[in-house]
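J.: The primary structure of each chain is shown beneath.
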Amino acid sequence: MVLVVLAAGFMLILLGLYGALIHRNILHMIVSFSVADTGVNLVLIAVGYMPGRTAPILDSNVSVADAVERIIDPVPQALVLTAIVIGVGVTALMLAYAYRLYQTKGTLDISKFTELKW
Amino acid sequence: MSGLLSFMSFVICVALVGAAWVAIRSTSLPMAILAAGLVSLLASLMFLILAAPDVAMTEAAIGCGLTTFLFFFVLGRVRGGEHD
Amino acid sequence: MKTLLDVIGALFLVAGTSFLFLGGLGLIRMPDLFNRIQSGTKATTLGTILTLIGATFLRPEWGIKLSLIGLFLLFTNPLSSQVLARAAHRIGVEKSAKTKVDLLVEPPGDPR
Amino acid sequence: MRKFGNQTALFVTLFLFWVLINGSLSLGTLLVGVVVSSAIAAMLPGGWDPLREFHATPAGFSAAYHFLIYFIKELIRSNIRMAGVVLSPRLPINPGIVKVHTKLKSKMGRLLLANSITLTPGTLTVMLEEEWLYVHWVTVESTDIEAATAHIVAGFEKYLEVMYG
Amino acid sequence: MVDLLIYLAASLAGMAFILAMIRFVIGPGVSDRIVAFDVVTIVAITVIIITALEEDRVVYLDVALVYALLSFLGVIVVARYLERGF
Amino acid sequence: MTKRIFVFGMLIGLGAIFIDLLLSYTPDSALNQTARYYAERTATDLGAANIVAAVIVTYRGLDTLGEVTVLFLTAAILVMVLYRDHGIGINKIPNRFLPPTGEMLGTGSRLLVPLILLMGVYLFANGHLTPGGGFQGGAIIASAVLLLLLTNPNQTFNLQLFSLTESISGIGFVVIGVLGMFFAGGFLDNRIFPIGQLGELFSAGAIPVIYTLIGLKVGAEFSSILVHLSEEKEES
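Residue numbers (numbering that gives the first Met the number 0), protein chains in the order written: chain A, 0 to 117; chain B, 0 to 83; chain C, 0 to 111; chain D, 0 to 164; chain E, 0 to 85; chain F, 0 to 235.
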């Protein structure tokens, strides 16, 4: 079961990289990056999952005493939470650069930006 | 994880890869952005089934919500420009 | 008594998801955007509310939170479909050939 | 004085929501609720439409109750009718956008009317302009303004007129 | 009995999900796709509730509240984009 | 053409690595040592019911401080990048035509904005008990700002207020961390306030306070990103 999720996550990473490499439009590339980002997060969470256990939140259903036997590892979840928030920051920055490039050049096609070509 | 949740996660994973395919291959930008939002949404459901409600909520509010809004704002700004 | 409540709740769940399924079917079968909004978002609203009622029967102690979700959905869902229908009409989305009458005339002066 | 009353009503509503969403009545919840609700109420000058325009009289509350009953009945009935339309192989639809008239003056009343029309399947408010509503109707039965008004609006309007005027 | 009915409900929700995905893939315009997106979000709320029932955790329901808000805002953003509102 | 071949070769190589990883994956059956420590000690030591929140705010609190700093830098760089130079800009769009939003959206957003704000506050004030926390609550608050922005695109927001909220919350976060060094075990230790009883709103020491500060800060940052990306401003 977890293998299916892992395979889907790997597929997302590969598809995202493929899209980022073949597209010429900057916004399409950013979309592909965000898809790959989601795939990485999915893989991390799927690796941290343990069958038959539940979320690491204590309430009336999961008491303090049997927490060790019933909850899953909280560390990957905390890492992925951080990764998502940083991911939106990176995306916002990329979008701002793309908009700025559009303002100066009037195009979003990456093959038109030839100043640094050698 | 019971059989019911296994079944649901299988359906969601197939839909996830399909939505990612649409996001990568479509030539129209609004469609690609919507499909990327759908990928985030389905991934968030998957996080919930994998017993990570915190991450599911973050992905729904930030990955699927705010990122899509930012994309549409920028798309509204560059509209009328060249598209490939 | 407990099992009777459970069975009633599960029946509500099945009724709600049937409405969801009908909404999905309408989304596929309807010919144009406005009819799709009609069957897509309205049937699903009732379906979700029936599901919430069913879950309330199954776990009575969750009732307050479930009813808050339902209330929120009741206010937000029609608003979003109205705004979408307005925008679609304004940009001139194609209506199906069966459409008999359209009394809403766009005001002149629109830049398109 | 009236403005102050509006702010208080908003505060009370938000506080009620806070207690409901927390689902507990401990001292900490109530204290934080007071602080949060008063902060949000202070940030929104001019009060809150749904409370400011509501006629808080016995007749108003009774009309609200009857409105709710009528709305639920109408919701289920029209959903079942719509299910029949979707399931029938010929797809017997006859769509169109008709124009109807409402007597309601207050903004909140009009919003509730438009939402109720939208939530009952078969009718969808496309635009609300002053006192004219443009409604998309899956099975158009009459294009005349008066007849359409009687068919779509009148049932809800009767109660909303008492509630919001 | 109850388990069987919940299985039936989950498979009906799964079918609604698949139908909405089909509309998302074939829908001719952006506006059709956003309707499909909305339906997927609302079906997702049902899936969350069924998951919470299955795992018996009340804490999952908070996520459903966020979803209800999200479907509303997403549709409004796309609608305003379509009519060139920003 | 060579580029295509290169891309496909790289993807096939990565795919082989992934398939290898996939086939050799075996799920753990018991928690590892760190996770076992967190599961056993969080409730008694820190009093937080949501162990993920405890990890984020206390055990790995320094990382979160860095994360918040990264977000702050993102917002600042975004303002710098979008600052408009009068000489270069090619698309000055003076007073574009914006279609009216209509009465329904106006009334509806007035109805919903207070409830959305309340929901955001609920998420970050209860971060130590239920899923949610500063980042999610901040995003919801930014969504309320987004709704206002959509309802009236020409609305002006008080950007000074945003940056003031952001600075004060950031300073508060650091000050609470430093207080932990003096009155408790170390930097960002949450036991400077009483631990309280598990499950109450006033429990888990400083975790709700820090999450509230993070929520306000993140909400202000996301709001300012949204406002800057959506507004055509003559000066930043």
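Just so you know, not all the hints are guaranteed correct.
Claimed, not checked - Here are the simulated EDC-like pairs of lysine to aspartate or glutamate, each with C-alpha atoms no more than 20 Å apart in a straight line:
#1 D:K157 with D:E145
#2 D:K98 with D:E128
#3 C:K94 with E:D55
#4 D:K106 with F:D19
#5 F:K2 with A:D108
#6 D:K98 with D:D143
#7 A:K104 with A:E114
#8 D:K98 with F:E102
#9 D:K106 with D:D143
#10 D:K72 with D:E156
#11 D:K102 with F:E102
#12 C:K94 with E:E54
#13 D:K104 with D:E140
#14 C:K1 with E:D2
#15 D:K104 with F:D188
#16 C:K94 with D:E145
#17 C:K94 with E:D2
#18 D:K98 with D:E130
#19 C:K94 with C:D5
#20 D:K106 with D:E140
Said to hold, decoys possible - In silico negatives: residues of chain B with every beta carbon more than 12 Å from chain F:
#21 G2
#22 L3
#23 L4
#24 F6
#25 W20
#26 S25
#27 T26
#28 S27
#29 P29
#30 V54
#31 M56
#32 T57
#33 A60
#34 I61
#35 F72
#36 R76
Worth flagging that the hints you see were computed from the coordinates, not collected in a lab. It should be emphasised that the depicted structure is a prediction, and the values quoted were computed from it without experimental measurement. Don't be surprised by glycine CBs; every beta carbon is placed ideally from N, CA and C.
J.: Determine for every hint whether it applies to the structure shown.
T.: Quick rundown of the hints versus the structure:
no.	hint	result
1	D:K157 with D:E145	holds (15 Å)
2	D:K98 with D:E128	holds (11 Å)
3	C:K94 with E:D55	violated (46 Å)
4	D:K106 with F:D19	violated (63 Å)
5	F:K2 with A:D108	holds (17 Å)
6	D:K98 with D:D143	holds (8 Å)
7	A:K104 with A:E114	holds (11 Å)
8	D:K98 with F:E102	holds (17 Å)
9	D:K106 with D:D143	violated (25 Å)
10	D:K72 with D:E156	holds (15 Å)
11	D:K102 with F:E102	holds (16 Å)
12	C:K94 with E:E54	violated (45 Å)
13	D:K104 with D:E140	violated (27 Å)
14	C:K1 with E:D2	holds (14 Å)
15	D:K104 with F:D188	violated (58 Å)
16	C:K94 with D:E145	violated (25 Å)
17	C:K94 with E:D2	violated (44 Å)
18	D:K98 with D:E130	holds (10 Å)
19	C:K94 with C:D5	violated (45 Å)
20	D:K106 with D:E140	violated (28 Å)
21	G2	holds (17 Å)
22	L3	holds (20 Å)
23	L4	holds (15 Å)
24	F6	holds (19 Å)
25	W20	holds (14 Å)
26	S25	holds (19 Å)
27	T26	holds (18 Å)
28	S27	holds (21 Å)
29	P29	holds (17 Å)
30	V54	violated (8 Å)
31	M56	violated (5 Å)
32	T57	violated (6 Å)
33	A60	violated (4 Å)
34	I61	violated (5 Å)
35	F72	violated (5 Å)
36	R76	violated (8 Å)
Violated hints, in rising order: 3, 4, 9, 12, 13, 15, 16, 17, 19, 20, 30, 31, 32, 33, 34, 35 and 36; the structure is consistent with all others.
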